[in-house]
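In case you want the letters, here they are:
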Amino acid sequence: MKTVKLTIDNKEIEVDSSLTVIQAAELAGIEIPKLCYDERLDIFGACRMCIVEIEGNKKLQTSCSTKVKEGMVVHTKTDRVIEARKDILRLLLDNHPNDCLTCEKAGNCLLQDYAYEYDVKFRTHRGKIRERYIDDTNPFYIYDAQKCILCGLCVRVCSRLQVTGAIDFVNRGFDTIIGTPFNDGLINSNCVSCGNCVSVCPTGALLPKSKEKFRTWEVKKVKTTCTFCGVGCQINLLVKEDKVVGVEPVKDAVNEGLLCVKGKFSFNFINHPDRLNTPLLKENGEFKEISWDRAYEIIKEKVEAYMEESGPDSFAGLASARCTNEENYLFQKLFRAVLKTNNIDHCARL
Amino acid sequence: MDRDRLLNIRNEKKPEIVEKLIRDDVVEIRAERVVLKGDYYKNQLRIALRNCDIINPFDIEEYIAFDGYFALYKALNDLSQREVVDIMKNSLLRGRGGAGFPTGKKWEEAFSFDADQKYIICNADEGDPGAFMDRSILEKDPHSVLEGMAIGGYAIGANKGFIYVRAEYPQAVKTLRHAIAQAKENGLLGEDIFGMGFNFDIELRLGSGAFVCGEGTALIESIEGHRGMPRPKLQRTAHVGLWGKPTIINNVETFANVAPIILNGAEWFRSIGTEKSPGTKVFSLVGKIENAGLVEVPMGTKLRDIVFDIGGGCQNNKEYKAVQTGGPSGGCIPKEYLDVSVDFESLDSIGSIMGSGGMVVMDENTCMIDIAKYFLEFSVDESCGKCIPCREGTRRMYEILELITEGKAEMNDLEELEKLSHVVSNTSLCGLGQTAPNPVVTTLKYYKDEYLAHIVDKKCPAKSCKALITYTISDRCIGCSICKKNCPVDAIDGELKKKYSIDNEKCIKCGSCYEVCPVKPVKAVEIY
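Sequence order for the protein chains is A and B. Counting from 1, one number per residue, gives the positions in the first sequence under this note's numbering. Counting from 1001, one number per residue, gives the positions in the second sequence under this note's numbering.
Bear in mind the hints are in silico, worked out from the structure with no lab data behind them. There could be a bad hint or two in this list.
[Claimed, not checked] Covered by chain B, according to a simulated footprint, are these stretches of chain A (three or more residues, beta-carbon under 8 Å):
| # | stretch |
| --- | --- |
| 1 | 87–101 |
| 2 | 275–284 |
[Said to hold, decoys possible] Taking beta-carbon pairs under 7 Å as the criterion, some of the chain B residues facing chain A (in silico):
| # | residue |
| --- | --- |
| 3 | R1082 |
| 4 | P1232 |
| 5 | S1383 |
Here a beta-carbon is modelled for each residue, glycine too, at the ideal position from N, C-alpha and C.
Chain A extracted, bound-state conformation:
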């Protein structure tokens, strides 16, 4: 590994020569604002927020698309840089609805955060704003073009990481929006509703169609493993007053910030009143709640009785793709070693 030494905001660091300035800054603990950058994706260079001043260069440079060089001296917070970032934010706010009071994304919106950090306010102007275009055909999420800053994260996540390619930029220039082929609506595209676009959207342009009303600061995040399959995706459950109201993928995990439609949107069963919380026993045609100990006792009694009566091959087991490999291993072991039958199969094989 070849390394280079460079200085960022008077901090001297030595990093791998293949890195970009924004990556080097991150290693040095210096945060550079960015709206279209995602370390999992190709460099896009659209938002221009990550501009920095590099000594020897007359023009400001985007730190996402500039490689580190030996002896490079970078300044990330000069007056010139800050003024340019303010100008860019002002251009964005000029074409963004002043809706933060009721926007679901408030508190978790990068545009809002940067507007606050750089002290840029909404202003009135006589110019045009983007036309209203809402795609709410997908059952799980909604796209609102007016809140879209066209960072392209959704498009790139969809095509490069999810490899679905359902959405892309449509029209050009000021009229650009994110859309589906022929603007037929998400439901008619090949969208698989994975919601990874929603997870990366920095603003309120892509939002889950949630039945729950909550503000970002009201929820606590509980990290857990998704129960839908054996992959083991890590998720943060958003919990408001002991009720799960949303799901976020965890980036630093096996799923690298991605989820499928079930993991991302299917959490309402957790707090559903019909959800089974205890084992039920059917007696005289009616279900009755029993304890787990009682349930195991009944299973044991029945297994012993049938074993006596019809032998091991009267049993069959069907393992589940929702279980982990380890759980499935134990399950077949139970059947083969304890019940002494090979009648064991798995739903993924059917």
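The hints should help you fit chain B onto chain A, whose structure is shown.
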């Protein structure tokens, strides 16, 4: 095809063609060269356009008759790849697409970069308003481009070339298709060219009407099948380009210059033009000019010579006001700089650019704010929408120019316009965004008084902005009623032989009354 056949065709065909052209009074022989006849051409030196209007573009033998494919033969037979690169480097030929990057240097980058596959791309996505240099070369001398590309392919070690040509040039597409097929039939493209083991094939790719696809990285995205949007350059295209392979992108006119350089040598090329910008440049002289058309002159020619000696000055003897060079990325050059030498550095130093060669001439009746608005509208329309400053900023600039021409702007709008120009040019992703404010910046620099007249006095000095002018009829009126008859909205009233008057509520300021007023020497209809 071999050298003997090339020589045979040339010896046989050339006298025939020249004789016919002289008989038809189309050409003359000047300094042993066959050149087009007429005043318009006598001060021109045509290298890139050398064969245009002289040969039949559909006949490869006519191209060969005028030394065509001799340079490719020379390169393959006499020169190593390195030597071709060196000749190009020494010629100091600079890219004719606008940026003026040294072609030889570019080729050297790709030549010395090791890869299993390399590409040559010809950028034929000419799109500046009023510019049609490349179109003429493609339609009238397509083989000059094919030959230049093949030489480039040999030099850098590429066996595949693409011509990215806009679909709005159907005739160019037709001639190119025909020329490629003919070159292949004759063994001048394809496998084993001249039997010397060099393979080079060319395919066409048609653009779909996006100006931004003329930008190198957007062009590559488009060929790859993606939406044509520029991408940030982490690496040079000459190293990592089309499908991640070393790629050379040169403009049509650049390629058309290659064969003459290989044939005549770098010294010859450097003897033309200026020290830093050698050779000639083709300009498309349009607008309010007497003789509109293509002009090819040595670099360093004075702007005055192009506009007045060749172009014949403004139409209808109107006063020259400015010339806009470089299309939407360029700027306006006012009267006081008419003696500027037209080369990359000099134009840069006065705030404009060489660009691809568009030259739009304006006369006294042209409102400079209107011109800035026109070019900016073009940039707004053609912005791909990827980066924020260009997508949002150019639109806001256009809106301010609209307010100014409508007489609704205040002084703080002008400040905002200046600020936006700065933001867009400093923070946009690609060259198109970075240069989009140039028409505004240069007009603000040279014609600030016109801006102030619009904003403070609510007047358009060129009497062009409709919202800021009124038509009236003076006492010179002879009561002929011609203006009344020609008014499309019945805004003029009066009695025969008496003074007529215009109802300004109804008037749509079309100017018909002014055009038809027969009173001499000063018309009775006045514009304020």
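List of violated hint numbers, smallest to largest:
Per hint list: 2, 3 violated.
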